[in-house]
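Under the numbering used here, the sequence shown is numbered contiguously, ending at residue 274.
No lab work stands behind these hints, which were simulated from the structure alone.
Hints should not be assumed to be uniformly reliable.
Quick list of in silico lysine-lysine cross-link-like pairs, DSS-like style, CA-CA up to 30 Å [to be verified]: (1) K212 - K257; (2) K58 - K99; (3) K169 - K225.
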Amino acid sequence: MAALRVLLPRLRGLLRPPVRCPAWRPFASGANFEYIIAEKRGKNNTVGLIQLNRPKALNALCDGLIEELNQALKTFEEDTGVGAIVLTGGDKAFAAGADIKEMQNLSFQDCYSNKFLKHWDHLTQMKKPVIAAVNGYAFGGGCELAMMCDIIYAGEKAQFAQPEILLGTIPGAGGTQRLTRAVGKSLAMEMVLTGDRISAQDAKQAGLVSKIFPVETLVEEAIQCAEKIASNSKIIVAMAKESVNAAFEMTLTEGSKLEKKLFYSTFATDDRKEGMTAFVEKRKANFKDQ
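Between the sequences and the hints, there should be enough to build the whole structure, so can you do that?
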């Protein structure tokens, strides 16, 4: 808890007016963003890279940032040349949480009537895989945002926490649900009820994180994974993602039935035929995403 007492001043610091990013960078679609940086990466520009960019506010997730994030995600989702997406922050913070200044004066009626945080769910509706590359703090909404992604890679100094309890509230963007599914009831309950943070190493051991890399190579490692995914058939990748996600929503029997249906569906695609033909002919498959 001593470590959390050190953290609380940082969280309270987010009550200050949001810091505006001085540098804007053009996006592939021609749009300009204030709170994020978005660009294509990889040898063949098959990876969409989105970087949260409010460094002075530790990438606090204000409403404007989430709106820009959703816009970038939508653009990459519709870009036929992009096969996977990497979401990252800075070396010091992936995202230190939601912007407390935007929440402190809300009433129950405000939250309920306006479906507060509803627009955060766009990330979970993506058909293309999203990899979170987490360096530094992933606290509160930042941890929830990372858990909405399909794969989490962490820098060796990354830290994860759901400290909402220290602010007199609870996680509201899936923290109690996704964290419990990822690490189990006991650890999730401890993190949610105490606000304690866990290290990247503990997160990997608990199953929250897939791999750990040095801070300076984390993003490139995530991009390489995204490139590997993007080299496969996009339609088959989407089916595989749907099937894995179903494991969290269905019973084993129901999930297995869905898996079979999706498996059968691959036989209606040209890419399934090409993949198996290439294997038999001992050559690399040339997928057309059809």
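Okay, the hints, checked on the actual structure:
no., hint, in the structure
1, K212 - K257, "20 Å, holds"
2, K58 - K99, "21 Å, holds"
3, K169 - K225, "24 Å, holds"
Hint compliance for this structure: every hint is met.
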